[in-house]
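Colleague: For reference, the chains in residue letters:
There are 2 protein chains.
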Amino acid sequence: MVATKLGVLAGSGPLPARIVQVCLAAGREVFVIAFENETDPKILENVPHMWVPRGKVGATIKRLKAEKCEEVVLAGPVRRPSFAKLKPDIRALKLLGRIRKAAGQGDDAILSLLVAELESENFRVVGADDLLSDVVAPGGIMGDHAPDDGERTDIELGARVAGALGALDVGQAVVVQQGVVLGVEAMEGTDALLKRCRALKREGRGGVLVKLKKPQQERRADLPTIGADTVRHAAEAGLRGIAVEEGQSLILDRGELIAEANRLGLFVVGIKV
Amino acid sequence: MVATKLGVLAGSGPLPARIVQVCLAAGREVFVIAFENETDPKILENVPHMWVPRGKVGATIKRLKAEKCEEVVLAGPVRRPSFAKLKPDIRALKLLGRIRKAAGQGDDAILSLLVAELESENFRVVGADDLLSDVVAPGGIMGDHAPDDGERTDIELGARVAGALGALDVGQAVVVQQGVVLGVEAMEGTDALLKRCRALKREGRGGVLVKLKKPQQERRADLPTIGADTVRHAAEAGLRGIAVEEGQSLILDRGELIAEANRLGLFVVGIKV
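Quick mapping for you: the protein sequence lines, in order, are chains A and B.
Per the working numbering: the first sequence ends with 273, consecutive numbering throughout.
Per the working numbering: the second sequence ends with 546, consecutive numbering throughout.
Take these hints with a grain of salt, some might be off.
Simulated pairs of lysine to any residue, SDA-like, Cα-Cα distance not exceeding 20 Å [claimed, not checked]:
#	chain 1	residue 1	chain 2	residue 2
1	A	Lys68	A	Asp148
2	A	Lys94	B	Gly423
3	B	Lys278	B	Asp402
4	B	Lys367	B	Lys341
5	B	Lys468	A	Arg198
6	A	Lys62	A	Asp89
7	B	Lys468	A	Gly227
8	B	Lys338	B	Asn310
9	A	Lys5	A	Asn37
10	A	Lys195	B	Lys341
11	B	Lys468	A	Lys65
12	A	Lys195	B	Arg471
13	B	Lys335	B	His322
14	A	Lys272	A	Arg160
15	A	Lys195	B	Asp464
16	B	Lys338	B	Asp402
17	B	Lys468	B	Arg478
18	B	Lys468	A	Lys5
19	A	Lys62	A	Glu29
20	B	Lys278	B	Lys367
21	B	Lys341	B	Glu394
22	A	Lys5	A	Ala167
23	B	Lys338	B	Lys315
24	A	Lys195	B	Gly462
25	B	Lys468	A	Ala25
26	B	Lys545	B	Gly423
27	A	Lys62	A	Val22
28	B	Lys278	B	Ala299
29	B	Lys315	B	Glu343
30	A	Lys195	A	Gly227
31	B	Lys338	B	Glu392
32	B	Lys278	B	Ala472
33	A	Lys195	B	Arg492
34	B	Lys278	B	Asn310
35	A	Lys65	A	Leu132
36	A	Lys195	B	Phe396
In case anyone wonders, no lab produced these hints; they're calculated from the structure.
No experiment lies behind these values; they were computed from the predicted model shown.
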């Protein structure tokens, strides 16, 4: 079976570029839906695409149909715009009505609604992990370094905090050192969290980044992702390592990430939660 | 009854200065225990005090006894030092043993243990609100401005997130706008949280700071505190107002805070959670 053209809803971060690259290399056509302030314009060079304001759900669906995309992937985080900035079309208004009804819905709730909306239009919605091989985090130690007992305790605490935060659709990442939560991710993203923790880290050993899928999160939308850059930023923050969830997070360029972790003396571990 | 000399364990922020000022104005003697990187040295001018490394619990107790302090107040946050930096005396080692036993204990657990330790030495441990009149947050709207429906919904979400975070001893403050959690406080403190939210706030209305006591928090240690500065920082972050917990948070200089909130167009509200 020849794979049909893939619609890529391109959020921020390196994931959309990777998917486009892999598809084109395999001879598969793509069409990219790009979002202002989210999609990296560099990935669009020589790639068929349309810039879409985030409120234009109807226009997105119409174009994906016109492009004959049968399969769609949501790649990388797309933050919910403010209601003030949003100029929703009729389709988006329907979605917004459902969103506003449930008080305190975060980004994840919106992505789930978008997935449902796409499926109702007979698109097949797939996850980034369905398209990229070897991208799903394995369990156990990757690379040469392993967490010690104190770091394991910090990972447990970080997983508990990340679970509670994720259940409230707040964020995916937590930094813990010596039993103290240094920082918690909300809208600022993991890189900003790691940068801030440079100043918050205490003297002495330890410090771990724990990044987990939100418990109720739509699996095909915005799985927690780390790459070699995350390892470098964690090292710059003085941390000892990174824990992600086995089978529920994505690792870009695992070979490069592990080489970088080995070089910098950090552990990377896939845990069960 | 003449009040005996008051021992002030002086954390960061404006609370210790206020307590010292009020006591001295009333003719009550004080002795301040000052902590490096926490206590503002300015408050110690002409005030009897001793600088104590945070690991010296035995030395602290001995000095408070020598000074004949029968009553002690813990004023302002004292962050737990790193285990590496800590040079604990025997007394502190005993406490640390208890702390390490429970994995993932944050700052609050340590303050509770310190209160118990002081009480076991027959000190009377009081809260800042026992010493300062009119400092406890009232319920309802303070000042001229009130949250609208959207902001009330954001306050509810903020209170839910703050409750979950507090239960894990992570932090007290959360910023929410239009149903999205912009930022969550851990070690960086409320001022740094507000500063970061300047860049995270979306266009359009709304944005609230919710600051609550951790559910299990020792009432006499580090109750959530706001002052006129908090109002100014919230305004600089583009927020619409602040919610604190009725009866469970402290408001310094309520008159000045309300005047500042009125001037800047922010609401300040005491809520029940």
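Colleague: Could you tell me which of the numbered hints above are not met by this structure, giving the numbers in increasing order?
Modeller: 1, 4, 7, 8, 9, 10, 11, 16, 18, 20, 22, 23, 25, 27, 29, 32, 33, 34, 35 and 36
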